[in-house]
Amino acid sequence: MFMDWFGKKKSATIAKDRLTIAIMSDRASTGEFPFMEQMKAEIVEVVKKYVGVRGVRVKKEIEGDWEALSIDVELEPRG
Amino acid sequence: MGIVIAVISGKGGVGKTTATANLGLGIAMNDRKCVVVDFDIGQRNLDMILGLENRVVYDMVQVMDGEATVQQALIKSKGNENLHFLAASQSKDKTVLNSQKVKKLIDTLSEQYEYVILDSPAGIESGFEHTIEFADAAIVIVNPEVSSIRDADRAIGILDSKSQKVKDGGEVEKRLIINRIAPDMVKRGEMLRSEDILDILNIQLIGKVPEDRGVIDASNQGKPIILDKKSIAGQAYQRIAARLCGHQVEMKDVEISDESLFKKLTGIFK
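For the record, the sequence lines run as chains U and L.
Residue numbering for the first sequence follows numbering that gives the first Met the number 0, beginning at 0 and increasing consecutively.
Residue numbering for the second sequence follows numbering that gives the first Met the number 0, beginning at 0 and increasing consecutively.
Just chain U, with the same shape it has in the complex (with noise of 0.2 angstroms):
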């Protein structure tokens, strides 16, 4: 009983934190970048003079003041 009063989150409240994640992690990952697939399009080219590439993943990572994209170029298996 004292748990549910005191203890317990509503679940309108778990809903607002797990949404405000989310939508923070998709906004990062499409929206703010609309020339992502002229880029990664761009830095497979570039690699591929090197070696054959797979594909290209690109993702904003943020911790406080500190943004960076992490890129990764996949390449092809060897053999």
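Simulated from the structure, these hints should not be mistaken for lab results.
Check the hints yourself; a few may be wrong.
Here are the computed lysine-lysine pairs in the DSS-like style, where the Cα-Cα straight-line distance is at most 25 angstroms [what the hints assert, rightly or not]:
1) U/K58 to L/K161
2) L/K102 to U/K15
3) L/K32 to L/K102
It should be emphasised that the depicted structure is a prediction, and the values quoted were computed from it without experimental measurement.
Given the coordinates of chain U, work out where chain L should sit on it, guided by the hints.
Then chain L, alone, in the frame of chain U:
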């Protein structure tokens, strides 16, 4: 030139078509000339909600392809001569749309009507993109529920990057309708409050529509709920339509249902 408003939601099933029908009729009831266009190609439904499914002869794709004129395809609403309706094609799929054809249709309609309201398909695919492409403004519909809100944010993101107005350096005005609010659940902390939704989506509110079982009864009959003056959802749509027509209407706190207000009042005298 009339204003072109796209009604969007991202997620399906949140009441987009119902809202389009009611706002179109509501605007017409404010003595403005209004046309509602169903852009949900392959899943035509606005005709049913408006009770006009038996009058559809030509659809908007046939108009775009030159197989019929706009005048031939426009259907007059039963109850209000200010409202016209243009049906989606039921047989084709969304790939038939292209920017040039869509622009021509919208230009023609906005010459004849003060309000051109486009009912967008759910999702964020090409059919959606064509609906928002030439819109001046957008009405976003959400339910107070996580999946609806997240999907709406994605739809807004695409609106803000892909509409012609934005590409031309302008801005598409956006307003939010929160639909299907259950006051008792909000009160118990089991449903997101409007303030929280506005915070998360960072968008201006144009109206709150409470959950109302009468909406299904109305759609069964093809009579939009706004015609039922006693229904709480109908009244909400009346207020939103008036706001869209430039009238100042105070935002009603639908989370506080009249019933609970009544209980409170009687409580005072106990």
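To see whether the hints hold, each was checked on the structure:
no.	hint	verdict
1	U/K58 to L/K161	21 angstroms, holds
2	L/K102 to U/K15	39 angstroms, violated
3	L/K32 to L/K102	20 angstroms, holds
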